[in-house]
Structures are given as C-alpha cells and as structure tokens.
Amino acid sequence: MTGGGVKPWALHLALIAVLLTAQFWLSPYHATNLARIMVLAVFAMGYNLAFGYTGLLSLGHALLLAAGMYAAGLPAQLWGWGAGPAFIAGVAGGGLMAAALGLLALRTAGVSFMIVTLMFAQAGYLTLLYFAPVTGGDDGFAVAAASRRLLGFDLSTDTPRFLAALLIFAAGLLISLALIRSPFGRTMVAMRENEERSRMLGYNPFTVKLAALTISGLYSGAAGAAYALLFGYVGASFATIQYSILPMLYVLLGGAGTTLGPFLGALVMFTLIEVATGLTSAYLFFVGAALVALVLFAPKGILGTIRERWVRWLP
Amino acid sequence: MALEVKGLTAGYGPVTVLHGVDFSASPGRITCLMGRNGVGKSTFLKCLMGLIPVSAGAITLDGTALQSLPAHEVPRHGLAYVPQGRRLFGPLTVAENLAVGGLVRGNDRATLNHVLTLFPRLRERLAQTAQTLSGGEQQMLAIARALCLQPKVLLLDEPTEGLQPSMITLIQEAILSLKGQGVAVVLVEQRVDAVLKLADRVAFMVAGRVEETREIKGMAADDLAFRTYVGV
Numbered sequence: 009m010t011g012g013g014v015k016p017w018a019l020h021l022a023l024i025a026v027l028l029t030a031q032f033w034l035s036p037y038h039a040t041n042l043a044r045i046m047v048l049a050v051f052a053m054g055y056n057l058a059f060g061y062t063g064l065l066s067l068g069h070a071l072l073l074a075a076g077m078y079a080a081g082l083p084a085q086l087w088g089w090g091a092g093p094a095f096i097a098g099v100a101g102g103g104l105m106a107a108a109l110g111l112l113a114l115r116t117a118g119v120s121f122m123i124v125t126l127m128f129a130q131a132g133y134l135t136l137l138y139f140a141p142v143t144g145g146d147d148g149f150a151v152a153a154a155s156r157r158l159l160g161f162d163l164s165t166d167t168p169r170f171l172a173a174l175l176i177f178a179a180g181l182l183i184s185l186a187l188i189r190s191p192f193g194r195t196m197v198a199m200r201e202n203e204e205r206s207r208m209l210g211y212n213p214f215t216v217k218l219a220a221l222t223i224s225g226l227y228s229g230a231a232g233a234a235y236a237l238l239f240g241y242v243g244a245s246f247a248t249i250q251y252s253i254l255p256m257l258y259v260l261l262g263g264a265g266t267t268l269g270p271f272l273g274a275l276v277m278f279t280l281i282e283v284a285t286g287l288t289s290a291y292l293f294f295v296g297a298a299l300v301a302l303v304l305f306a307p308k309g310i311l312g313t314i315r316e317r318w319v320r321w322l323p
Numbered sequence: 211m212a213l214e215v216k217g218l219t220a221g222y223g224p225v226t227v228l229h230g231v232d233f234s235a236s237p238g239r240i241t242c243l244m245g246r247n248g249v250g251k252s253t254f255l256k257c258l259m260g261l262i263p264v265s266a267g268a269i270t271l272d273g274t275a276l277q278s279l280p281a282h283e284v285p286r287h288g289l290a291y292v293p294q295g296r297r298l299f300g301p302l303t304v305a306e307n308l309a310v311g312g313l314v315r316g317n318d319r320a321t322l323n324h325v326l327t328l329f330p331r332l333r334e335r336l337a338q339t340a341q342t343l344s345g346g347e348q349q350m351l352a353i354a355r356a357l358c359l360q361p362k363v364l365l366l367d368e369p370t371e372g373l374q375p376s377m378i379t380l381i382q383e384a385i386l387s388l389k390g391q392g393v394a395v396v397l398v399e400q401r402v403d404a405v406l407k408l409a410d411r412v413a414f415m416v417a418g419r420v421e422e423t424r425e426i427k428g429m430a431a432d433d434l435a436f437r438t439y440v441g442v
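If you're matching them up, the sequences are chains D and E in order. One point on numbering: in the working numbering, the residue at position 132 of the first sequence is 140, and numbering is uninterrupted. One point on numbering: in the working numbering, the residue at position 190 of the second sequence is 400, and numbering is uninterrupted.
Hints in this document: simulated from the structure, not taken from any laboratory. Among the clues, some could well be false.
Claimed, not checked - Short derived list, chain E residues pointing at chain D, Cβ under 10 Å:
no. : residue
1   : 284
2   : 290
3   : 307
4   : 315
To be verified - The following residues of chain D were derived to be distant from chain E, with all beta-carbon distances above 12 Å:
no. : residue
5   : 120
6   : 197
7   : 199
Glycine included, every Cβ here is placed at the ideal spot set by N, Cα and C.
Looking at chain E on its own, in the form it has when it is part of the complex (with noise of 0.2 Å):
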C-alpha cells in the first residue's frame, strides 16, 4: 500500500471539516474520490500535502508519517498534487514551469522526457508562457509539472472540468499511462461515466468522512452507490 491515512480530522481554524477520514491508495492504481459539494474533497487531497493542519489521525507513504511534515517537505517524499483550477506560474514558459516544478528532484533530463513523452503537445509550446496556453493545454501542464516530482502518489482535483471533449480525451489516457507505470492515482472527480472508466476503487463522501469504498468492477452508471453519494 503506498498511501494509507487513518482517522484523519482537519479543517479551518475552529471548523472541523474532515471527521476521521480512513482511506488508502495502491499502486498501479486509480481509486477515485466521490461525493456532493462541500463534502471535503478538496480539503483531503491538501490536508494530504499538510497545505491544512492535521488536528488528529495519521498520513503515511510507505511508512514515513506525512502529517506532521512541513508542506514543502511533503513533496520531496514522493506525493504531487494538482489542485483545481491548475494553478500554474502564469508569465514563466512551459519549459520553465516543469524546471520549477523538477528542480528539488534536480530537473534530470529522463523525467523530463518522459513527461514531455506524456504530453507531446507541451513539446510544441516549450517556450509559451503559461498563460497564453489554453485550458487543457494549461491541464497538462500543471499534471506534467507534478510529474516532473516523479511522484509514488499523483492527487489531481477534477482534472478535466470545463475542458473540450477531445482535451478530456487525452488526459484521460495520460492517467491511465500513468497507473501502467505503476503510480498511485487519487482522483477527484464527478462524472460517473469518467469515474467508470478510470477508476479501480472509488472511495464516496459524506460530510467529512468517507463513508464506503467500493472496487469498480461490477459497477454501472446507475448504481445505488452514485445516486446515493453524488445525487446523479
């Protein structure tokens, strides 16, 4: 098991918005995270990285405690995250995006390559800034950017809302090279029929708490499970 978290409870300030989470991801393997708005989704993924303090519980990666690192450490021990909104360094260039991002593994080329392998379009626009990109080309970025991290574990939060079918498309494919290579994915995400294609285990929400983790296989669209936790 290369991520594992126990009784996990954080949130802001004096409001407690995760409630003794459990939740495990593998390698190899894309367990998807699931459940209405304001469940805490986005909260656990930056708990994970300690962008939020951890008031109880705990958060391993192949036996090394993460909760009580600094945020910049958490990184450097093998978990990248892409938060929603992608979030990238707007006026440096997509070259310059992924040498930031790989610069505390020490930018060695191979990674380099194989993210721009990844991503053969980021190939093309090395030296556009970030800004100019557009949506899923900005998508791309930010996952390769985590991925120059060489990451055990990738959390990418709703990686393709509000991008074009075909963007879509191709994300999606990079996920599951991914998890061939043997990654451990945590995906949030929405669209049950983008969770019945890339998931293995989806792990369902409510209020803080994940309430029940079901493997994929065997599970279609109208499931009890999904009308249940995400309401569709």
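The shape of chain D in the complex, shown without the other chains (with noise of 0.2 Å):
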C-alpha cells in the first residue's frame, strides 16, 4: 500500500491535472456533469474509506450525505449563510451524524452492522419528511443565489462551479491517499483483514472503526454540502436507500481499497446510466448488466484487478 515511492502522488496529480484541463475541451453540459461526478466521487470517497479500506459495510451512508447537503443548505435558506459557512457547518454535519450513527451501529458487526445503518438512514428520511415545513419534504428547496457565492464568485455559473467541483475532490483525493499511507490507515487495513488479529496487537478495535467512519462521515458531508451550493438543490431524496447503495456501486465498480476507484466508478457509472437513460426507461438492466460483468470478469473492481494483475504499487 505505500510501495511506488512517488509513483502514486505523480499519477493523482496527474489525473488532477486532466480534470483541470477538461473544462477546456467538454462541452459545458459534459463539463457540468463531471462536476457533478467529482462531487459523487468525494462520497464515495468517503464510502471507500468505510468499506474498502476498513471493512464497515454500511446502508446508512445516506444518511451522512443528506447531514452535509442539510447543514450546509437549511443555515444557507434559513439565515442567509455565505458559501464557505455553510461548506464547513456541511462537513461538520456529516461528520457529526457519522460519529453519532457510529456510536451506536458500531455496537454490531457484518450484517448485523449493515441492518442497523439502514434503518438509521431510513429514520433519518422519513424525520427529512415529517419536518417538511422546514426541510422542503420531498420536493426540497432551491439554495438562494445569494448563498451560492464564494470569494466573490458565484457558484451556480459553469466555470466557478467547475473549479469548485475540483478544488473539493483534489483535496478529498490527496487526503485520501496521505491517509491510507499514514499509520492509521494501516490500521483500518489492519481492522478490516481481521479485528482480533488487531486486537493481539493493542488496538481497540471500536475506537479505529468509529473514527474510519467519522472521517467517512466527514467526505460525506463534504459532498452533500458541496452537492448543495454547487447544483442549488436540497432535498430529502438524497436521503433514499438509492443514495447508499450508489456510492457502495461506485466503489465496487472502481476497485473497493484503492484510492482512485471511488472517481472510476462514478465516471463509469454515471456515464453508463446517462447513456442507458437515453435508449430506455429500464436503464437500470443496464446497471444490473454491468455488475453481473463485474462480478464475472472482475470481482475485485476496475483498478483492484488493474493492481491484482499488472499495477502492484496502485494504492
């Protein structure tokens, strides 16, 4: 996981880089939709950090997004909150949700763990739907222009937005990667490999776990909040079982435990759901179709099978 000396910093960077220069040459349309995949690509991030790399296999992580997207939208409605305010009260609700939801999921384990992530989402949905007057309810609520303006710029044009899209996923992506390769994200390797192996070796497993999630928590909010003031909408939607079980698709689909699988899996996703979507209303046999291929020729994902056969320092 840290073999490839520099190889793996040049090879983020460099896909930073592509994306930066993609504004130049996509159509705004496909430009936004790229924004819009960087910003799904941070959640599954986040997801990846979880499940990939510590083993926590969660249906609640919509919950954490719909946090991030509300903290960061209802301040903005409610009492006019600037776009860098609102980023940060996003980030902090998804991160606090994750914490909360951990303190009490992470009394389970496996399936046990999966069941009670999901129910905690779907409490949280329906909450997002009993306070309709507040939150929108299931038709949501647009974010004033006037919150989506940073530094100066406003968001909800293509440009600003793009960069914005950019700016959030080359953080998110290079913290990912630092992290992985420092010692804590050896041991979330170490948790998800085996938790009583950990355990012979000193670490309390409830306390790495809590906090791989609280982090994944804090990716979560990250893109909810982002999602937000970028695209202008919030709404409870966001907090369906839809949006927990796309982020384990994108990881699954890119490679679960690598660093780059998470933005793989969206791009390839997204674009796969774009396209079906214009041929037929039943898109998702085309989905259904691409994870029996995936299960089939590369069950390790994309880049996990890229890292299995050829790439070994892929991280």
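Make the complex out of the two chains shown on their own, each in a separate frame, by following the hints.
Here you go:
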C-alpha cells in the first residue's frame, strides 16, 4: 500500500491536472456532469474509507450525505449563510452524524451493522419528511443564489462551479491518499483484515472503526454540502436508500480499497446511466448487466483487478 | 517471575475448557506447553491474551493483574502472541505489517532493527506483501510483528508446524536468541525433539489442567512423561 515511491502521488496529481483541463475541451453540459461526478466521487471516497479500507459495510451513508446537504442548505436558506460557512457546516454535519451513528451502530458488526445503518438512514429520511415545513420534504428547496457565492464567484455558473467541484475533489483525493499511507491507514486495513488480530496487537477495534466512520462522514458531508451549494438543490430524495447503494456500487465497480476506484466507478456508472436513459426507461437493466460483468470478470473492481494483475504499486 | 497464572478457569460459552490452570513463565527461559489435541493449549494462550473471558483465577504479569483487562490492553502490558496459522495482514507489505505491530509502542527504529537482525530474510522482503511470502517467511514475520511490541512474555503456538527443516532451524535459532535476550517464551509444541532442543521447562496439560511441570534437564525422548501426556 505504501509501495511505488512517488509514483502514486504523481498519478493522482496527473489525474487532477487532466480534470483541470477538461473544462476547456468538454461542452458545458458535459463539464457540469463531470462536476457532478467529482462531487459524487467525494461521497464514494468517504464510503471507500469505511468499506474498502476498514471493512464497514454500511447501508446508511445516504444519512451522512443528507446530513451534510441539510447542514449546509438550511443555514443558507434560513439565515442567509454564505457558501464558505455553509460548506464548513455541511462537512461538520456529516462528521457529527457519522460519529453519532457509529457510537450506536458499531456495537454491531457484519450484516447487523448493515441493517442498523440502513434503519438509521431510513429514520433520517422519514424525519426529513416529517419536518417538511422546514426541510421541504420530498420536494426539497432551492438554495438562494446569494448563498451560492464564494469570494466573489458565482458557484451557479459553469467555470466557478467546475473549479469548486475540482478543488473539493482534489483535496478529498489527496487527503485519502495521505491517510491510507499513514499509520492510521494501515490500522484501518488491519481492522478490515481481522479485528481479533488487530486486538492482539493492542488496537481497540471500536475506536479505530469509529474514527474511520467519522472521517467517512466528513467526506459524505462535504459531498452533500458541495452538491447543495454547486447545484442549488436540497431534497429528502438524497436521504433515500438509493444514495446508500450508489456509493457502494461506485466503489465496487471502481475497486474497493483503491484510492482512484471511487472516481472511476462514479465516472463509469454515471456515464452508463446517462447513456442508458437515452435509450430506454429500463436503464437499471444496463446497471445490472454491468454489475454481473463485474462479478464475472473483475470481482475486485476495475482498479482492484488492474492492481492485482499489473500495477502492484497502485494505492 | 514474569508471568503467573493461578487457578485459571475459562471456556467457550457454557463449555468450560480450562479447569483451574496453574502456570508460570520466567524471563530468559523457554517454557513449553505439551499435551494431546484438544486439551486446551491454544485456549490457554488465547485466554492469557484476553481473547476468551476468564471465569475464575488470576493472571499477573510482573504484579499487574491482566485477567479483567480488555484484549487490546493486554499487549500494552508486555504480552505478545503469535497464533497458530500465523494470521498476518495479507495485503500489507512486510514493512507495513511490522509498522502495524509496533504502532502502539511508537515504532522506534531500534526495535525494528533488532527484529530485522533476528530475521535478516525479512529485510530483503520489506516491500513484498505478506500473502506472497513462503510459509517459513510468514512465520518469521508473525514472530517479528509480535516482537515489535517489545514483549516481556512471548506466546508462540506451534510456530514450526508445517515448515521445511531449514526454516524450522532458523526459527528455533531466533527463539533461542530471544531467550538469551531475557524474553520469557511460552511455546506450544507437539514435537518432542523440538522441546528437548528449546525448552528449559515443560508443562504437560491434560483435560484443561497442567498435570505436571518438569525441568527439561535430565529428560530424554523416551521419557515416560512424553509417552503418558503426549502419546509418543
């Protein structure tokens, strides 16, 4: 995981550089889609830290995304907060919600953990519907234009939105690379591999998993807040189970336990759905077919397979 | 005396496996634990590490009571365990396995150098993932990782099982070297020749109890105790 010397850093920086140029050669429509993909990739990176590196199979990450989205969107809506403070509130909202979720759900493990996280996410979704006068319920609400300005830039316009999405994505990507190459990152992997073995080496599994889930929540919160502020919409639909399953699919497709897997998975899945919806209303058929192909030919995901067969240093 | 165990009773749920075990291990000595399959040798080691709850009895290490500590606290008091089957973190490299092993002790370079001096072969494999090592190298890494905790007492559960003779020799030499450095070694071992070569004392377990403890001096391969308790 720490192999490859500077090559992993060079690879990640090269990807960021390529994405930076993409706004010049993509149409505005596709550039906006790419901005959306980068935000969703941040969400998937957070999921990857919990699932891919620590082994926490959660079905409750929609709650963390929504926590970030509402923690950013509501102050903007109710009190006219600017984009900067609202984004920070969103990141904190995701982290705090993950810590609270972890304190309760991490008393379980495996399938039980999955069910408990799903249960809390559903409770969160129903809470958003119950308080519809404030949250906007299923209809949600649009974030006011005044709250979508940062340092004089209007985040609702193409270039600032793209650059803001790229900045958040780049920060998320480089932090995740640094994290998994750190002693704590190795401890997360040790926990995924075997809790009992880790305990024998003096680690408290509960503490390590809680820390990993909280970091995952910070990422999810950042993605939720970014989505609200860059695309101007906050709604309870982001708290549905679909948004708990999507990051899992992105991570599985791209490669669980690889730093670039979440982005690749989000890119491929988003594009697949985009193309399929243009052909048929049964676009989920194509998603299902892609997953069957994945299980048959690359069960470790695209980058997981590439790492296993060809590029051993891929983090 | 480094490790003292008095009247240890423990098991899995309603099934009691250990029935009042008395045992001790001293610094700079190798104490072997022998007995037929299923008498509770591995259960005893897991119990010492806090991985199985103790229902009665006491475990003390240099005067500190360990029996009620959570499992993750036990290694911090100087007890390290190399379980049967090695149990490494396969996707991590040798260097990363060692780093994970030593993190709670601050990963100081002197300990790492000491461990790599004991197992020079690992120094050549630092960047290799643990799952790609040979069986003998994996066992070396498992012991090395435990040593990164700078233990006072090292618990080894059949460390040479299934290894080729050249690897067995290397690992036995390392164990003897640890003894020379003052570590108290508790070794679960089934092979009489290995016990005679390594041990200072041997404790024979029968049905969840230590039935007899003997100094190895004066014992031979055809000793009645081996035939009685191990069946060789």
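These are the hints, each one checked on the structure:
1. Taking 10 Å as the C-beta cut-off, the interface hint given for residue 284 of chain E holds, the closest approach to chain D being about 8 Å.
2. Restraint check, residue 290 of chain E versus chain D: the minimum CB separation of about 8 Å is within 10 Å; hint holds.
3. Below 10 Å, beta-carbon pairs count as interface contacts, and residue 307 of chain E has one with chain D at about 9 Å; its hint therefore holds.
4. Evaluation of the residue 315 of chain E hint against chain D yields a held restraint, the C-beta minimum of about 8 Å falling below 10 Å.
5. In this structure residue 120 of chain D is separated from chain E by more than 12 Å, as the shortest Cβ-Cβ distance comes to about 19 Å.
6. A beta-carbon of chain E is positioned within 12 Å of the beta-carbon of residue 197 of chain D; the least distance is around 6 Å.
7. For residue 199 of chain D, the shortest C-beta to C-beta distance to chain E comes to about 10 Å, within the 12 Å cut-off, and the non-interface label is violated.
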